[in-house]
Structures are given as structure tokens and as C-alpha cells.
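Colleague: What follows is the residue order along each chain.
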Amino acid sequence: MRTTQRNAVTMAGAESGRPMLFAHGYGCDQNMWRFVTPAFADTHRIVLFDHVGNGKSDLSAYDDARYSTLDGYAEDVLEIVRENDLRDVIFVGHSVSAMIGLLAANREPERFAGLVMVGPSPRYINDEADGYVGGFRRSDIEEMLESLDSNYLGWSSAMAPVIMGNPGRPELGDELTNSFCRTDPEIAKKFARVTFLSDNRADLPRSRVPSLILQCSDDVIAPTVVGEYVHKHTPESTFVTMNATGHCPNLSAPEETVDAIKSWL
Amino acid sequence: MSETGGPDVTQELRLPWDDDPEDLYEHAPCGYLTTLPDGTIVRVNETFLAWTGYTRADLIGHRRFRDLLTPGCQLYHETHYAPLLSMQGEVHEIALDVVCRDGRRVPTLVNSVLERGPGGAPRIIRTMVFNATERRGYEQELLAARRAAEDSERRVRVLQQIVADLAAAPTEAEVAEAVLGAPEPAFQAASSSIYLIDPDRDQLIAVASTDPMTGNWEDMPCSSDRAVAEVARRGDLHVIGSLADADEHFPDLAQSMRDSGRGTVVLLPLTTGPADDQNGATVLGVLAFSFREERALSDGELRVIRLLGQQAGQALDRARLYDDARRREERSLFLAGTTRALDEEHRLLQRARRLVERVVPEIADWATVRLQVGPAGLVEYAGGPAPDPEALAVRVAEVIESAAPAYATDGDGVGCTVLPLTVRGRVIGTLALRMAPDRRGADAERLFLVDLADRAGLALENARLYEQERAIARTLQRSLLAGDVPGGDTRFAVETYYQAAAQDLEVGGDWFDAFMITPNKLAVVVGDVVGRGIDAATTMGQLRSAIRALASAENGPARLLEGLDRFCERVDSARMATVVYAEVDLISGELSYGCAGHLPPLLHEPAGSPQYLLQARSAPLGSRAGDRRRTEHRVRLASGSRLLLYTDGLVERRGRPIDRGFEVLAREYARRRDAPLKGLTAGLADTMVGRDHGDDVCLLCLTLGTEERLERSIGADPLQIALLRADLRGWLIGHAVDTECVNAVLLACSEAVANAIEHGYRDDPFGVVDVAATVSADAVEVRVADRGSWRGPGTDFVRGRGLQLIEDSMDEVFFDRGEGTTVTMRRHRETP
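So the sequence lines, in the order shown, correspond to chains A and B. The first sequence stops at residue 265 when you use the working numbering, and every number in between is there. The second sequence stops at residue 1097 when you use the working numbering, and every number in between is there.
Hints in this document: simulated from the structure, not taken from any laboratory. Please note that the accuracy of each hint is not assured.
[Unchecked claim] In silico contact screen, one side only, chain A against chain B (beta carbon under 8 Å); selected entries:
(1) Asn126
(2) Asp140
(3) Asp149
(4) Asn151
(5) Cys248
(6) Ser252
None of the values given here were measured: they were computed from a predicted structure. We put the beta carbon where it would ideally sit given N, CA and C, even for glycine.
Kindly produce the complete structure, drawing on both the sequences and the hints.
Modeller: Right under this line is the structure:
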């Protein structure tokens, strides 16, 4: 199937179980769910994938026009769901993927049974016009894009084939550091731009699917005030504040994350 | 060495690298931090504090490591550093900017290791921070250089794309389109416009613009003092970097820059010719593009811009040549096609019509051809609307007078070009055209029109000559064929038919003739001269006369044909003509015939079926090959025999073997056995060749003895009698039988048939009554026969009421009672 390769879709868990579709956020890939998915493997069908441009996805499928908005990523999610004929899906999205899942579920709500939004933010940049606090100024985002340049000096052409899933030089695999979550710097910059400059506040009230908002303590990327905003504007949403700190509870506090999802389910 | 005052050797003896671990930690040449898994700083070394200006009290237990980063780096920390560390347990060489206590930023490289407790749960993170100020400065330079290189590469890519687009653009319009689209992706220009020079009109034409509303995008004379025209004249790239710049040099440009909010304008001449010699380069147009801001262009960008101007100029030059070549090809194709199309029509009117239909709409939206032929002249037109007729008439008269074309010019009131149609120095008419105004190539267009008029004139003159010759030939042919065919002799009758080919081709050389050689000897002829047109018609007339001259009571067909062979030696055009010649002795009924290369006559005697007469065959007249011995054959004809002579047009049909044609002819001829002679040949021609025939057809049918028969078989139904009566009446009248006789015969026949149905077929509704009637010069005879049994009351036919009527009407009545009853009745005709 088209999406299997394009999005490096992997399946695990109980064949007949209710599907859980896990979506990674900006800066990483499906590996970030490695501590969470085992807890659901006995009861659910685990579906993992990489957004195009990340992880083991097909970099050549990256299309500037399609992925210039989050809608393109949401369309990918729907294509994965359709091609694998997934129904009654629990979508678990981290960070920007929480919004991508929301957009997908808004478009075809009949496919989805629930949304788990881990560290969601409908808009990262403060909006002085209506007093919205997103946590960042526009200049912060520009600076972040600059810092990407500094760190991508480490993206060398020798590593690219390995990262792109070319097994021609397996000896490189052991030497790699930071081997997770690598991506083409140009695509990463574009994804960062789409992620941090989008504004999906208007999409929240359109949600027709029950959702769980997992809010970390002390998350600079999605501060509590943002999580509360999401909760307030999303119908049928449950808001849970976790003890976990930072932006990636799925990595820093997988047990708490699993427990929160299980009790909501 | 003394005990006191000596040096402390223990100090000396300590190895220089045997550092105090505490000191090593505190003063290591890198920052060192230990944090909890959530990033809270629990230990930090002096080196880090010295770099950043913080105190331990500021940091320990109060701040997380990420809190010390710039907001952008915090984002990176959270999205990359923290997840990687969780997954891999370590990260290396992450570039992060640390914000010092006084707000300074220290660029650093960071390595971290996550240490897990006995249960695998994260316990602490150890982080080393390297000061990378100089390295990062260097990297920034590298990045800047890379960005510049990428920008340059992007421009080159855009340029390459444009060069590829230009190469693929065959027309000027497409080249302009490709050039117009270049500045935006290559230089982030806000808008661009393109002007092309029209050398014929000495104008700069505003061809296309991405933003036509920018103000001064319009055509202008090349001599204009506006900036675009000035740059076109100078042929150099002009960058007007600011409004002040424009105010100083190009006031018109300054105005439009103010109107459209532009900060910088680039005016790039599109040139072709030697690039190194600006004087030698030809300017074909100007590309203007502009920026909202004041934009400084780098040397690299200026080089690319100049290159764009040269590439575009060359592409334009090529496109113009290509346009010219294509137009030339189109014109020559059009001329060739027109010549062919005109050749397909032979008649003058049709050819003139074809001409204007070719011209409209392909090269004109209105066209009229006028020819000075006949009393009224000929006018054909197509398209519309027509121009003012009076102004046009004046122009047409001028052109006829001067024999020179008058071309349409702007505002001349007529708006159409009038071309003289000249043949051999004589103006035979005019062709007037109204065309869409063409921007360029006016000279080539005029040459084309003159060429068109020359060809049209010749074609129309040829049609006129053809028309003239054809009229003469037809007249000649008609006059020859219309000669008197002998008639009024009851011993024979001749029916002829001549049908010209359906297509308007020239007249053919087919002919027929019939004449009396002696009072009792009739000659009939059908022949075919090779060729068409006026020459064939003339030859046919000569041959016809020759045959009449050669025919004599003594000669006979063979000698006559020999005489014609000799005739051919003097009249070469008669050579290879085919002739069938037959003489009939009207007393003995003997037929004598000879066939010189001609199709065999078809004979139908009263009994039997039609037979082709295949004897006495020899080669065509004057032939130097084949059987040249002329022979003749004699056959005695029964009274009532019909002999058909014909030309090949009757039996030949494309795609059908000629044998099949002979079969069809014999069948059709037999089918008409009882049809009156009058109209027989026309009907036969109609059936055999139809209306759409490509050849002339000539037939002659000779009937020996004028007696004729009508035969009908009708069902035993009284209603049929009325039909029979109508049939019989027409047939009798057709044979010029007088009215009294007709009425008498019809009455007697009706009664006889009624009797046959009433008595003969009393019990047999499916019985058939046969009626046969013959007409001869002196009598009409009708025979009515049935095969009934005549039973029951009143069966004696002789005593029936009808008998009396029959006997009163007819002069002679006979009965024959055999297998049925046959009554034969005869009435004499009144001799005129």
C-alpha cells in the first residue's frame, strides 16, 4: 500500500484489538512511543508511522505544497486509516500531532473513537490582538529556526544514506550518535515552520470525538495555560495534569502516561 | 642540604598530574553540570559559573538546565535534546546558546549522559558544556557562506530553468512569457513587465506584465524619452536603486515608482549579437522588474541578470526567425493547397467560389472576387461584413486602371486590400480582401498576396477558357448529333440517346448516326473517338461525314471500314476511334455488320433471349496492331427484332468487370422486350449508369418492323380489369392508334377477360388470364387466353352476351377451345 512505505507504517499488538494510531511530534519519529506502546500491545492493535520527512519515511514523497500546512499531514493520517481500513481508532498524538489528529478526526469523525492529545498547542505564538498566550514570540521561533542550522552541521552526506534507510553501509550504523529522530535539515526546517507558525484555534470547537488532554507540569513548549485553553474550547475533552515535567512525558514518564490513557479509555 | 629552610620536597615530589579530584571537577576546562531527570541543577562546577556569572545559589535547586538557554534553544532542547537523551541515554555535540547572568549569550556545545538507577529509572543527567564561541563564529561564517552559495545556486537553477523554458518556447509570445516569469523566483522581485521592439512600426510594444496595474505599462515610440525607451536605445542594464536615483535620471519612472510603491527598478535590455561588443548587440526588447524595498543587487546577481538579458534576447531572435519561417511555410502550403483546390473545380463560377472560400477565414475575414466576363461580370464573395461598397468600388476601379495592388492602410476608409488578377498583362478582375492588421512581416505578407493573386488569376483565366471551349464543343456536338434520323418508315424505327457525363468534364467523342443508303437499305452507326473536347468533337464530325460518304449499295461494312482506315491516314486524330457499322436490307431483313474495335451489338429477336453479335470483329480504325483485316457478317433478322448499338460508357463501371456489365445489359434489355421503343434507350441508360456517371453514353436502338407486343397476366379478379384497361390504353395511344380503335379494342378486351374470369374460373379464384396485344401498321390484335374448364350454366362462351359486343367492336374474332379458351380479336387501323 502507498502509505506503508511513504509513512513507514508499522503494525504490532493484538490483530483484532481496537486500533491505536500513535503519531510522533516535531523533532522525533515513531521511536518516541517505544516505552508506551508495550502497555497496550495485549489489548490493542498498535499502528505507528513517521510523518513524511521524518524517521524512515520516504523523503522523496515530501511535497512542498502538500506539507505547507498541517492539513497535508492530516490527509496522510486519513490515508493511512483508509488504506488499512482502520475503524474505531484511538489516535494518540504528541505535540503538533495532537493538532494533526484533531484535523483528521474533524474531517472524518466516523473513523475515530477518541483522541489522546499529549502536550497539545493550537498556537505557539502569543496573539497580542486577543490576549492569547502561546508561550513564544515570533522572534523566538525565528531564533529556533536559526539554531536548527547550527545543529545540522552534523548532518553529513555520509550519514544520509543510513538515515534514509539505505542498508548499503551497515558499518555506519554503530558509529552513529543521535541516530534517532534524524531528518533532512531542509524538511525539518519546513516542518518546524509549519508546526510553530500554525494557528488551529478555530479547529478546536469543531471536534466531534471525545478527547483526552495530557498536560505536563512545567512544559515550556505547551504551558499549562495553553492546555487549559485547549480543554476549554474542545467539546467532550478531559483534562489531566501529570506530574511529569517537560514536553515528552511519553519518554520521561511513560508509566504515568500509560496510566492516564488507560484510565481514560 | 639542611633540615631547616630547605625546600619542601614533598611538594616537589607530587606528580604534576596527580590532581585533586575535587579541583579537577571544579576547574576542568569545561562546564560540568549534574541535573535531575527533569533538568533541575543539583551540581555545577566553577568553570561553568565563571563563564556564566551565576552563583551556585542562583542555580542549584532553583533552575533547570533548559532555563539557562535562549527561548529558541529551549524549543530545540525540548523537541530534540530531551527526547534523544531519553531514548539513547546520551547525546553529543548539541549546539545550544546559554544566556549568562548579565544577558550575554555564550555559544556552547553540549554532551549529556543519562544515568539510570538500579530499576532502570532515570536517576541523574551529567552534562558537559564546552565554550564554542570561536567555533560558532566560524560556523556562522560557514553558514552564511553556505546560504550565499545556496542563494546563488537557486538563482542559477532558476536561470537554468528559464534557459530551458526559453529553448522550448517556439514563439515570441512564449519567450516573452518565460522571461516575464524569471525575476520573481530568481530575485524575489515584486512584479515584472516586458516590452518588445516592433521594428516595422518603430514602437516598443508592452507585451506582458505580471502586474499590469503598475501604471506606465503601455506601448511607446522607440524615440520616447521614457526610461524604458532610453534603456532600449542605450542597450545597457540600468538599476535604479532608489526613488532619488529615479528622480535624478528618469522622472517618468520616479512617478510610477511612487504610484506603485516601488523602491528599486531594474531595466534590462534583451539583446542579441556579440555579447562582448555592446555596440554590435541588437536590442529586441526590455524587461523591467521592480522591488518594493530598496534592494541592493550583488555582483553575482547582476551577472545573472545580464545573462538573463542575453539569453532572452537570443531566444527572441530565434523565435522571430522561427515565426518567419513558419509563416513562410504556412503561406506556401496555403498557396499550394489553393492551387490544388482550384484545380478540382473546372467551371468558372465554382472555381471563383472555391477561391473566396479558401481565403475566408484562413487569411481574411471577408473576400470578394470580381471577374470581367460576360455582360454582367461575375462576383463571388465570402465572409463579412462587407466594407463600404462605394469606397470599395472606387478602389477596385483604380486597381483595374493601374493594374497595381492597393493595400489596406490604417484609416483609409476601406480597410481592405484589392489585388488585380492579371494574366498575360491583362487585368481580368480583382480580388479584394479584408484581413486582421498584422504587426510585423508586412513586406512578406504583400509578396504572399501578390503570389496568391497571380495563381488565382491564372486559375480563373484557365477556367474561363475551359468554359469557352466547352461551350463551343457542346454546340458542335449537338449540331452534329441533332442531324435527322430517318423515320416514318413502317419497316423500321430508330431510337437514339446521348447522355453527357455527369461531372462537368469536356465533351466526349461518342456519336451515333442512321441514314438511308438506298431506299431499301438503312445504315446505323455508333462510334467513339479517342480524346475529349473540341478536337474530339471535330474529329467525330469528320468521321461521321466520312462514313456517310463511303457508304454505298456496293461497299458493305468491310469495305467501308477499310475506307475509314485510309481516312485515318490523312486525319490522324481519327486514329484508334472505334466504330460499329451495320446495314439492314429492309426487304430481305438481312443484317450485315462489322465491328472496328467497338463493343458488340446486342440483338433481341422476337423469340429467345438477347444475343451479342460477336462476329466480324477487328482492330480500331487506323490501328497498327491487332487484327486489321476488315470483315463483315450477315444475319437474317425476323420482323420485330431489336438491335442495340452503344458505347462503352453504358457497360463500363469502375470496380466492375466488363463481363458483368454485358450480363446486366443483356438482362435489362430482355426485361424491356415489350416496352415501347420510345424511351427505351433513355430508360436503359438510366438503369445501367444512373445519374452519377463519369463518361458519356451513346445508344442507338433499331427495331425491325414496327409491330409490337404487350403481354399481361392478370389474376381472376374483376378489379384487375380496370388496371389492364389503363395499361392497354396507354400502350395503344403510345403507338399512335386512333381513338375510335382504342375504345373498341378496350371494350372487346374487357369483355373477353370478364368472360374468362366469370366462366373459366368460376371455381378457381387463383386462375390466371393471359392477355397479349400487338400493334402493326394496319391492325391491332388482342389475344385473351385462360385455362379454365367452362362448366355450369351459360358455359357456352359463343352464346354469351359479351360475344356480341366483341364481334361488334372488332373486325375479326377467332376462338380456340383446347386446354382452356383462347379468343383472338383483330381490328384494322385507319390508315392516316
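Colleague: Hint by hint, note whether the structure agrees.
Modeller: So, going through the hints one by one against the coordinates:
With a least beta-carbon distance of about 12 Å to chain B, the hint placing Asn126 (chain A) at the interface is violated under the 8 Å criterion. A hinted interface residue such as Asp140 (chain A) counts as satisfied when its beta carbon comes closer than 8 Å to some beta carbon of chain B; here the least separation is about 4 Å, so the hint holds. Of the supplied interface hints, the one on Asp149 (chain A) holds, with its beta-carbon coming within about 5 Å of a beta-carbon of chain B, less than 8 Å. With its C-beta approaching chain B no nearer than about 5 Å, Asn151 (chain A) sits inside the 8 Å limit, and its interface hint holds.
For Cys248 (chain A), the suggested interface contact is upheld, since its CB lies about 5 Å from the closest CB of chain B, less than 8 Å. For Ser252 (chain A), the shortest C-beta to C-beta distance to chain B is roughly 6 Å, which falls under 8 Å, so the interface hint holds.
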